[in-house]
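Residue numbers (the numbering used here), protein chains in the order written: chain A, 50 to 406; chain B, 50 to 406; chain C, 50 to 406; chain D, 50 to 406.
Rather than coming from a laboratory, the hints here were simulated on the basis of the structure. Since the model is a prediction, treat every value here as computed from it, not as a measurement. Warning: the hint list may mix true and false statements.
Identical copies carry no separate label here, and so any pair may be met within one copy or between two of them.
[Stated by the list, open to error] Each computed SDA-like pair below joins lysine to any residue, with the alpha-carbon atoms no more than 25 angstroms apart:
1. 70 with 58
2. 156 with 348
3. 156 with 291
4. 113 with 123
5. 355 with 201
6. 191 with 177
7. 113 with 274
8. 331 with 175
9. 249 with 152
10. 113 with 95
11. 249 with 76
12. 70 with 329
13. 355 with 275
14. 191 with 170
15. 331 with 346
16. 70 with 119
17. 121 with 95
18. 249 with 153
19. 355 with 60
4 protein chains.
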Amino acid sequence: MSVHVIAYDTSDPGDTGDLMKVIACFDPQRIRRLALLVKTEGNSDVNDFSREYAMLSAEIALSKWGGSDLLKRATFLFSTGCEGAMTPFGYLFVDEEGGPSGDASRKALAIGCARSRDLTGSEIGTPAHADVVAQTVNDAMKDAGVGADDVALVIVKTPVMSHVASAKLGTAVSKRITSAYSKAVGALGAGVALGEVDRKCVVQEAFDVDLNLYARRAMVFSGSELDCVEIMLLANRVGAGGDLRIETGRMTDCIDAEGIKNMLRAAGCAFDDRGRLTDPEKIVALLIKAGIAPDGSLRGCRTTIKSSHLDMDKHVRAAVSGIVSSIVGTCRNFISANTVHQAPPGGGLCACIVRAP
Amino acid sequence: MSVHVIAYDTSDPGDTGDLMKVIACFDPQRIRRLALLVKTEGNSDVNDFSREYAMLSAEIALSKWGGSDLLKRATFLFSTGCEGAMTPFGYLFVDEEGGPSGDASRKALAIGCARSRDLTGSEIGTPAHADVVAQTVNDAMKDAGVGADDVALVIVKTPVMSHVASAKLGTAVSKRITSAYSKAVGALGAGVALGEVDRKCVVQEAFDVDLNLYARRAMVFSGSELDCVEIMLLANRVGAGGDLRIETGRMTDCIDAEGIKNMLRAAGCAFDDRGRLTDPEKIVALLIKAGIAPDGSLRGCRTTIKSSHLDMDKHVRAAVSGIVSSIVGTCRNFISANTVHQAPPGGGLCACIVRAP
Amino acid sequence: MSVHVIAYDTSDPGDTGDLMKVIACFDPQRIRRLALLVKTEGNSDVNDFSREYAMLSAEIALSKWGGSDLLKRATFLFSTGCEGAMTPFGYLFVDEEGGPSGDASRKALAIGCARSRDLTGSEIGTPAHADVVAQTVNDAMKDAGVGADDVALVIVKTPVMSHVASAKLGTAVSKRITSAYSKAVGALGAGVALGEVDRKCVVQEAFDVDLNLYARRAMVFSGSELDCVEIMLLANRVGAGGDLRIETGRMTDCIDAEGIKNMLRAAGCAFDDRGRLTDPEKIVALLIKAGIAPDGSLRGCRTTIKSSHLDMDKHVRAAVSGIVSSIVGTCRNFISANTVHQAPPGGGLCACIVRAP
Amino acid sequence: MSVHVIAYDTSDPGDTGDLMKVIACFDPQRIRRLALLVKTEGNSDVNDFSREYAMLSAEIALSKWGGSDLLKRATFLFSTGCEGAMTPFGYLFVDEEGGPSGDASRKALAIGCARSRDLTGSEIGTPAHADVVAQTVNDAMKDAGVGADDVALVIVKTPVMSHVASAKLGTAVSKRITSAYSKAVGALGAGVALGEVDRKCVVQEAFDVDLNLYARRAMVFSGSELDCVEIMLLANRVGAGGDLRIETGRMTDCIDAEGIKNMLRAAGCAFDDRGRLTDPEKIVALLIKAGIAPDGSLRGCRTTIKSSHLDMDKHVRAAVSGIVSSIVGTCRNFISANTVHQAPPGGGLCACIVRAP
C-alpha cells in the first residue's frame with residue numbers, strides 16, 4: 050500500500066473538473082482508502098452552504114467514476130473559509146493497494162479512516178461523546194496499521210446540532226452544542242486515544258474552559274450535516290510504500306512564522322541564509338490550525354480579532370494565509386482556525402507532507 | 050527642526066489617553082507641524098464612522114492641550130480597517146522647532162504638510178483635480194525644505210463625493226466619484242510632482258484604466274469628509290535634526306515578504322542567517338500599501354480576494370498584517386490596501402522610519 | 050391542460066423532502082411542464098452557493114422520481130435572499146396534460162416555458178441580447194398558447210459573466226456584465242415582446258440609464274451559471290383547465306402596502322372594514338419585485354438602503370417581507386429586489402395566483 | 050411644565066444641523082429636562098462607533114448652544130441600526146418650565162429622568178443590578194411627578210461590559226455580561242418598579258431563561274459606554290401642560306400590523322374603511338420594540354432571522370420598518386429589536402406620542 054497526495058483546484062465549490070483529472074491515473078478497484086481534504090469559499094457563516102454543495106458535487110463525480118462502492122471507502126473533510134491569500138482547493142488522498150511495498154528500514158506516509166455509530170442529541174457535547182471520538186481514533190489507527198507513536202495528525206470531524214435542533218432541546222442543552230464545544234470534545238477524545246490527555250481530566254466542567262488541557266496532534270472540525278464522528282488519521286509507518294512523509298510542528302501564536310519554518314526544516318526542507326525556502330517543490334501538502342488568545346491580544350498588542358463584525362476565525366485564517374503563502378510561494382495551503390483544546394491558548398498546530406525519496 | 054515619531058495605542062476610536070501621554074513631553078508652542086497617521090477599527094464600509102469619531106476626539110483633545118491654533122499646524126490621516134494581526138493605533142509626528150540642528154553631512158527625517166483650496170464637484174475626478182494634487186505636493190516639498198529627489202513618501206488625502214451627493218449629479222458623473230477613482234487621480238497628481246509620471250499621460254481616459262501608469266512614492270487615501278487635497282510628505286533632508294530616517298521599498302505582490310525585508314535591510318536593520326530580524330527596536334514606524342492583481346490571482350493561484358462578500362481591501366490588509374507582524378514582531382503597523390496608480394498592478398509600496406544614530 | 054401551483058418548504062437549500070411529498074400525487078408522464086420558483090437562504094453575495102446547491106439537489110431528486118427526461122420539460126428559477134419575515138421555500142408549478150378541459154367562457158392559469166441558444170460573451174449586455182430575450186418570450190407565449198395581452202407575468206432568467214470571466218475580457222467590457230446590466234437587458238427584451246417597450250429605444254446607451262423605459266409585466270433574474278436566456282411565462286388563457294388565475298399589480302414604492310392590497314382585491318380577495326384580509330386561503334402564490342429610488346430615499350425620507358454595508362437588495366427584501374407577511378399572514382412569499390427597467394424608478398411589481406373556482 | 054417632542058434628521062451620525070435648528074426656538078434656561086432619542090446608522094455590530102460619534106457631536110453642539118450646565122439636565126439614548134425603511138434621525142424631547150399649566154381635567158405628556166450611581170463589574174448582571182434599575186425608575190417617576198399607573202413607557206439604558214473587560218474577569222463571569230443579559234436585568238428591574246414583575250422572581254436563574262417573566266412598559270437598551278443606569282420615563286400626568294399624549298400598545302409578533310394600528314386607534318388616530326390612516330400628521334413620535342420567537346419561527350413559518358450571517362436584530366428592524374412606514378407613511382420611526390423580558394417570547398411593545406388638543 051502507498052499513499053498519494055495530490056492538490057487540485059476548484060473554480061467554484063461545485064467544480065470537480067480538476068479532481069477528476071488528477072484521479073484519472075488511478076484504478077478505482079485498487080483504491081483502499083480515498084480522502085478529500087477541501088477548502089471551500091463560502092462566507093463561512095451559518096448560511097454558507099458551499100461545503101454541502103461541494104460535498105454533493107464530489108460524491109456525484111466520484112460515484113460516476115468509481116461506482117457507489119468507492120464512496121464507502123471514502124472520507125470527506127470539507128472546511129469553509131478561504132480568506133486572504135488562500136486558494137479554494139482540495140487535497141486528494143489515495144491509499145493504493147498493491148505496488149512495491151516500502152523499505153522496511155524507513156517510514157512512509159500511511160492513512161487510516163474510521164467512522165463511529167451515530168450519536169444521539171443527549172450524547173453530543175458530553176464525556177460520552179469524547180469516548181466515542183477516542184474509540185474511533187483507535188479504529189483509525191488499526192486501519193492505518195500504526196500505534197499512537199506513529200501518528201502525526203488526527204483529523205477529527207464531529208457533529209454539532211443545528212440551531213433549530215438545539216432550540217427544541219431548550220436552553221439547558223444549548224451550551225453543549227456550539228461548534229467550539231463540539232471541537233473541544235473532539236480534541237480531548239483524540240488526545241486520550243493518542244496518550245496526550247488523561248481520560249480522568251475529560252469531564253464536562255473542563256470543556257471549553259480548562260484550556261491548558263489539549264491534544265498535540267489533532268485538528269478538529271465540526272459540522273451539523275453528520276451525526277457520527279469521522280476520523281482521518283495520517284502517520285508514518287515502517288514498511289509503507291510511496292515516497293511521502295508527514296511532519297508535525299507547533300506555532301506559539303498565529304503569527305509564528307518560525308514555527309512553520311521549523312516544521313519545514315524538520316521535514317527536510319532547505320532554507321538559504323536569508324531564510325528563504327529553496328525547495329518548495331518538495332512540499333506536497335501543508336495544513337495549519339491557528340488560534341488566538343482568549344483576550345484577542347497578539348505579542349502584547351490589542352487586536353480586533355475577537356471584537357469586530359467579522360468572526361475571529363476569518364481574521365486568523367486571512368492573517369495566517371499571508372504568512373504561509375509568503376514562505377512557501379503558493380496559496381494552495383489548508384488553513385483553518387480555532388484551536389480549542391488542540392493547542393495551548395492562542396497557539397497552533399501545523400503539519401506538512403513532503404516528498405522524501 | 051527635528052521630527053519625532055511615536056506610536057500610541059487606542060482602546061477604541063474615541064480614546065486619546067495614550068496620545069495625550071506621549072504628546073505631553075512636547076511644548077505646543079514649539080511644534081511647527083503635527084501629524085497623526087492613524088488606523089481605526091470600524092467595519093471599513095460606507096457606514097463606518099470610526100474615522101470621523103476618532104478625528105473629532107483627537108481634535109478636541111489636542112485643542113484642549115495646545116490651543117485651537119495648534120490644529121492649524123496639524124494634519125490628520127485617519128484610515129479605517131485593522132483586520133487580522135493589526136492593532137488599532139496611531140503614529141504621532143511632531144516637527145519640533147529649535148534644538149540642535151542636524152549634521153550637514155547626513156540626512157534625517159523631515160516632514161512637510163500642505164492643503165489645497167476646496168475642489169468643486171465638477172473638478173473631482175478630472176485632470177484638474179490631479180493638477181491640484183501636484184501643486185499641493187509641491188507646496189508640501191517647500192514646507193519640508195526638500196526637492197523631489199529627497200522625498201521618500203507622499204501621503205495624499207483626496208476628496209470623494211458621498212453617494213448621496215453623486216446621485217444628485219446623475220449617472221454621467223457618478224463614475225468619477227468612486228473611492229478608487231479619486232485615489233487614481235491623487236496618485237497620478239503626486240507622480241507628476243515627483244517627476245515619476247508624465248503630465249501628458251494624466252488624461253481622463255487613463256484613470257483607473259491604464260494601470261501601468263503609476264507613482265512610486267505615493268500612498269493615497271480618499272475621504273468624503275474633506276473637500277480639499279491634503280498632503281503629508283516625508284523626506285530625508287540634509288541638515289535636519291533628530292536621529293530618524295525614512296526608507297521606501299517595493300512589494301511585487303501582497304505576499305512579498307522579501308520586499309519588506311529588503312526595505313528593512315536598506316534602512317539598516319539586521320537579520321540573522323535564518324532570516325530573523327535581530328534589531329526590531331530600531332523600527333519607529335512601518336507603513337505598507339498593498340494591492341491585488343486585477344484578476345484577483347496571486348502567484349498563479351486563484352484567490353477569493355475579489356470575489357467574496359468581503360471587500361478586497363479587507364482580505365489584503367489581513368493577509369499583509371500577518372506577514373508584517375511575523376517579521377517585525379509587533380502588530381503596530383500601518384497597513385492599507387488599494388494601490389491603483391501607486392504601484393504596478395498587484396504590487397505594493399512599503400516604507401519604514403528607523404532610528405539611525 | 051391545467052396548471053397546479055403548490056408551495057413547499059425547505060429545511061435547508063439541499064432539502065427536497067417536502068418537494069417530493071407534494072409532487073407525489075402527479076404522474077411524471079403526464080407533466081407537460083414543470084417549473085420551480087424557489088427562494089434560497091444564502092448570504093446572497095457573490096460567494097453564496099445556496100442557489101447552485103439547491104438546484105443540484107432538486108435536479109437529482111426530480112430525476113430520480115420522474116426520469117432524466119422530466120428535466121428537459123422543467124424550468125428552474127432559484128433566487129437567493131430570505132431576509133426578514135421570509136421563509137426559504139419554493140413554488141412547484143405543474144402543467145398537467147389531460148384532465149377535464151377548462152370552461153371556454155373563462156380564463157384560467159396557463160404556463161409557457163422557453164430557452165434560447167447560448168449567448169456569447171460579446172453578445173451579453175448588448176441590444177442583440179435583448180433581441181434574444183424578446184424572441185424567447187415569444188417562444189414561451191407559443192408554448193403557453195397565449196398572446197401578449199393574456200400574459201400576466203414573464204419571469205426572465207438571463208446570464209451574467211462571472212467576475213473572473215469578465216476580468217479576462219478587460220475593463221471595456223466589464224460594465225456590460227454586471228447583474229444590474231443584465232437585468233436591464235432582460236427587462237427591455239421582455240418589454241419589447243409584450244408590446245410595452247419600443248424596440249427603437251432598446252439601445253446600448255439606455256441600459257441602466259434611461260430608467261423611465263420599463264416593462265410592466267416582467268420580473269428579471271440573472272445568474273452566472275447559465276449561458277442562455279430562460280423564460281417562464283404565466284398567463285390567463287381561455288379554455289385552460291384548473292381553478293387558478295393570476296393577477297398583476299403595481300407598487301409605487303417598496304412600502305406601498307396599498308398596491309399589494311389592490312392587486313389582491315383585483316384578484317377577488319376580500320378585506321374587512323379594518324383593511325384585514327379575510328380569505329387568505331385563496332392565495333396560492335404571491336410574487337413581488339420591489340425597488341428603491343436611485344437616491345435611496347423613500348417618501349421624502351433619507352434611508353440607508355443604498356449607503357450601508359448591506360447590499361440594497363437585502364434592505365428592500367427584508368422591509369417588503371414585513372409588509373407582505375403582515376397582510377397575508379404567512380411568510381411563504383416570493384420577494385425579490387431590483388426593478389431596473391421592470392418598473393418606474395423606485396417602483397415595483399407584484400403578482401398573485403389565486404384559487405378562483 | 051410642558052413637554053415638546055420634535056423629530057429631526059441627520060445627514061450622518063455627526064450631523065447636528067437640524068437638531069440645532071429645531072432647538073433654536075427654546076430658551077436653554079427654561080429647559081428643565083432635555084432628552085434625545087436617536088437612531089444612528091452604523092453597522093450595529095461590535096465595531097460600530099456611530100452611536101459614540103453621534104453622542105459626542107450632540108454634546109458639543111448642545112453645550113455650545115446652552116452651556117455645559119444644560120448637559121447635566123440632559124439624557125441621551127442613542128441606538129444604532131437603521132435597516133430597511135428607517136431614516137437615521139432623532140427625537141428631541143424638551144420639558145419646558147413655565148408657560149400655561151395644563152388642564153386639571155385631562156392628562157398630558159410628562160417626562161422624568163434619573164441616573165443611578167456607577168455599577169461595579171461584580172454587580173452587573175445580578176439581581177443587585179436589577180434593584181438599582183428599579184430604584185432609578187422610582188427616581189424618574191418622582192422627577193416626572195407621576196405614579197406607576199401613569200407611566201406609559203420606561204426607556205432603560207443599562208451598562209454591559211466590553212469584551213475585553215469581560216475577558217479579564219474570566220469565563221465564569223462572561224455569561225453575565227452579554228447585551229441580552231444586561232437587557233434582561235434592565236427589563237425586570239423596571240418591571241418591579243412598575244408593579245408588573247414580582248421582585249421574588251428576579252433571581253439569577255431567571256435571567257434570559259424564564260421568558261414568561263416580563264415587564265409591559267419598558268424598552269431596554271444596553272451600552273458599554275456607561276457604568277450607570279439611566280432612565281427616561283414617559284407618562285401622562287394630570288395637569289401637565291402641552292397638547293401631547295402617549296399611548297402604549299402590544300404586538301403579538303414582529304409582523305403584527307394590527308397591534309400597531311390598534312395602538313394608533315387607542316391614541317385617537319383615524320382609519321378609513323380600507324384600513325388606511327387618515328390623520329398621520331397627528332403622530333408626533335412612534336417607538337417600537339419587536340422580537341422574534343426563540344426558535345426563529347413566525348406564524349408557523351421557519352425564518353432565517355436566527356440562522357443567517359446577519360444578526361437577528363437587523364432582520365427584525367428591517368421587517369418592522371417596512372410595516373410601520375407603510376402604515377404611517379414616513380420612515381421617521383424609532384424601531385428597535387430584542388424584547389427579552391420586555392414582552393412575551395416573540396412579542397413586542399409599541400408606543401406613540403400624538404397631538405391631542
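Hints violated by the structure (numbers, ascending)
2, 5, 8, 9, 10, 11, 14, 17, 18
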